[in-house]
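Here's the letter readout for the chains.
2 protein chains.
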Amino acid sequence: MAAAEPPVRYGILGCANIARKMWRAILLSGNSTVVAVGSRSLAKAEAFAKENGFPGSARAYGSYDAVIDDPDVDAVYIPLPTSLHRRWAALAAEKKKHVLLEKPVALNVAELDEILAACRVNGVQYMDATMWMHHPRTAAIAAALSDRCRFGQLKAVHIIYSHNCGPDFLKNDIRVKPDLDALGALGDAGWYCIRAILWAYDYNLPTTVVALPNTEFNEAGVILSCGASLQYPDNKMTTFYCSFLANLTMEVNFLGTDGYIRFNDFVIPFEEKVTHFYEHANTRFGELATSIEPLPTKHVVRSDLPQEVLMVKEFSNLVQKIDRGGEKSEKKWEIISRKTQLVMDAVKTSIDKGFVAVEVEE
Amino acid sequence: MAAAEPPVRYGILGCANIARKMWRAILLSGNSTVVAVGSRSLAKAEAFAKENGFPGSARAYGSYDAVIDDPDVDAVYIPLPTSLHRRWAALAAEKKKHVLLEKPVALNVAELDEILAACRVNGVQYMDATMWMHHPRTAAIAAALSDRCRFGQLKAVHIIYSHNCGPDFLKNDIRVKPDLDALGALGDAGWYCIRAILWAYDYNLPTTVVALPNTEFNEAGVILSCGASLQYPDNKMTTFYCSFLANLTMEVNFLGTDGYIRFNDFVIPFEEKVTHFYEHANTRFGELATSIEPLPTKHVVRSDLPQEVLMVKEFSNLVQKIDRGGEKSEKKWEIISRKTQLVMDAVKTSIDKGFVAVEVEE
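Order-wise, the sequence lines are chains A and B. Residue 309 in my numbering sits at position 309 of the first sequence, with consecutive numbering throughout. Residue 261 in my numbering sits at position 261 of the second sequence, with consecutive numbering throughout.
Treat the hints loosely; a few may be bogus.
As the list claims (entries may be wrong) - Straight-line distance between alpha carbons at most 25 angstroms, and here's what the computed SDA-like set of lysine to any residue pairs gives:
(1) B:K298 with A:T207
(2) B:K332 with B:A140
(3) B:K21 with B:A47
(4) B:K313 with A:S291
(5) A:K273 with B:K21
(6) A:K298 with B:K298
(7) B:K353 with A:T207
(8) A:K353 with B:A357
(9) A:K313 with B:G166
(10) B:K298 with A:V274
(11) A:K298 with B:L42
As the list claims (entries may be wrong) - Pairwise CB distance ranges (calculated):
(12) B:A47 with A:V356: 51 to 61 angstroms
(13) A:G53 with B:A139: 16 to 26 angstroms
(14) A:G354 with B:T349: 15 to 25 angstroms
(15) B:H276 with A:K328: 46 to 56 angstroms
(16) A:P294 with B:K328: 39 to 49 angstroms
(17) B:K328 with A:L170: 44 to 54 angstroms
(18) A:L170 with B:D113: 23 to 33 angstroms
(19) A:Y203 with B:T257: 55 to 65 angstroms
Hints are computed from structural coordinates only; laboratory data are not their basis. Quick caveat: nothing in here was measured; it's all calculated off a predicted structure. Cβ coordinates follow ideal geometry from the N, Cα and C atoms, glycine included.
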């Protein structure tokens, strides 16, 4: 779209911490602006707008309804607790607002299907807010994974996303409350792990999923840490671990027949503008097996814009194509969101049933 | 022991490739020498001795018996196929030879117990040839893991040891022959993974083990790749993957409540004299969760002597204490060897029974 085109106007539902980051991203995107923020408390919405320096014309509302009813809002960003997603994402779609939905997108695939149906019927764009997918490093790694000579066939994947949330979080955060974010660490951290696995497998679904014993729960039964193994028909080994109880760690290990790719900050890069990944290719023993050759390669991928800004830019671009270009919505995002949810549901079912193998069905 | 003490005299059973590396290690150790090598073929033993420049006085024998009968041999290094370990390690011990045994040490714990009993009854030292344990980096990482402030409590471990062995190995190597090394990749590569896990847990045994689906076998039923999850009573998450079918990769991920330690060459360092490991400590989100702080620390650990030389040095030192100092043998090595074997047996049983949970019993 032409640069002179008017920006996509966002309304934000809720004043979660992550909304501060996204507010900045919207303003930095170049094709988007913030026009409204809503909270159940008007005072909270006003304080949030003021604190974050929203453009003077942005409105603070004392309800979510007011945001989605505002005719100046083109798109909503929804960082509400997961249990509220189905209602507010579907309502926003019905009001013809495009939906950028924070993850985990829903408590289960049935809820997500309601959201996706509402978006489809109303012709609005849907996207889950999985920021790392929009970083140019992700595209660079995709290219490295598809190198037949230096990586070969994918054989094994292991992903860790953990975050030692501390006693205050574990007592008070919405992400450990069964009525707000019943998926706990599986939803908040496991979402990223599952998405990374699906991404590496070109979004092919595993046939079965087995949660690993040693899941940890809080007193209300919300998952605080868990792991799982995903089975693909061609004997690839796939495992992940997610936790609210371990040091903030974001490890990706992709092992191929002829190479190995790893990076240590997949969800949020250590530094905004300069990122890395490491590639081992055609690794072999040196003379007498007293060394290993060649040394891994450190790849540097620079990005002028943070990944969340690139995400907003892409979402707004799709919105503009629909609202002003008359195009249809991009279906990729609902497809991969649904697959991520299906695997997450299967892991949850496996945990609930005592770590049995659960089939993943589309 | 005093430096002037005469060296421990080794006999080597078999002419495996690894014996070339160990021959060099024995000669570099400063307290050891090679006096004999035996093969089923005298010509092969003679060629091996000549090719490797054994000291002029070293004898080449056309049988293993001749090596263990040689009164000038104090200790034997046994790199034979695993199925021959029970017989030759026990016989060597009966002839009062100290036993440095290549891994995997036995096909199962019953066989290992015969070896260990023979060593104990005959008062000889036993050690498995797990070289990485003797590298000073291993001690440095142990110190980092025990740092309560920078690492905290161990929460999760993931280990990979894979080696893309290529078509010739997969067709001809002893490690894929059911009558020679029936444990396949589990024995050859999984041994290291299991040892690393036990090492990290202060040699506490898991209560149960579950092999993960997607084990790969060759036509003769020998394991070419597999993975497993080990359960500890305090909800630690422990997984490993070992393979003959993926790029040579040696990854260790140790995740703690307050830190994360990783290194990428745990079995054999990339470089003989300069090694690294990486430590993430008290990692947290930066402002607006747009970065991660602090950056990981790259630790450098130098070693003048290769790890296999340090292993020989330590083994010979223990031998000298027994043979010349009248001390008893060091029991640590048989204890941790047996625990490693117990876990390996449990993984094998889990695979054989269709990936069921198997209790680990001492």
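Legend entry - Satisfaction of hint between B:G166 and A:K313, Cα-Cα up to 25 angstroms: violated (46 angstroms)
Legend entry - Given pair status - A:T207, B:K298, alpha carbons within 25 angstroms: violated (39 angstroms)
Legend entry - Cβ distance range 16 to 26 angstroms for A:G53 and B:A139, holds or violated: With Cβ atoms ~53 angstroms apart, the hint is violated.
Legend entry - Range hint 23 to 33 angstroms (beta carbons of A:L170 and B:D113) holds or violated: violated (46 angstroms)
Legend entry - Restraint check for B:K332 with B:A140, where alpha carbons must lie at most 25 angstroms apart: Within the cut-off at roughly 20 angstroms; holds.
Legend entry - Given hint B:A357 paired with A:K353 - CA-CA distance at most 25 angstroms: Given pair A:K353, B:A357 holds - Cα atoms ~15 angstroms apart, limit 25 angstroms.
Inset, instruction - Assess, step by step, whether the Cα of B:K353 is no farther than 25 angstroms from the Cα of A:T207, and give holds or violated. - result: holds (21 angstroms)
Inset, instruction - Could you see if the CB distance from B:H276 to A:K328 stays within 46 to 56 angstroms? - result: Cβ of B:H276 to Cβ of A:K328: about 51 angstroms, so the range 46 to 56 angstroms holds.
Legend entry - A:P294 paired with B:K328, Cβ distance criterion 39 to 49 angstroms: holds (46 angstroms)
Inset, instruction - Assess, step by step, whether the Cα of B:K298 is no farther than 25 angstroms from the Cα of A:V274, and give holds or violated. - result: holds (18 angstroms)
Inset, instruction - With a cut-off of 25 angstroms on the C-alpha distance, tell me whether A:K298 and B:L42 pass. - result: With a Cα-Cα distance of about 49 angstroms, the restraint between A:K298 and B:L42 is violated, given a limit of 25 angstroms.
Legend entry - Verdict for B:K328, A:L170 (Cβ pair) under range 44 to 54 angstroms: Holds, since B:K328 and A:L170 (Cβ atoms, about 50 angstroms apart) stay within the stated range.
The structure fails hints 1, 5, 9, 11, 13, 18, 19 (numbered hints given earlier, in ascending order).
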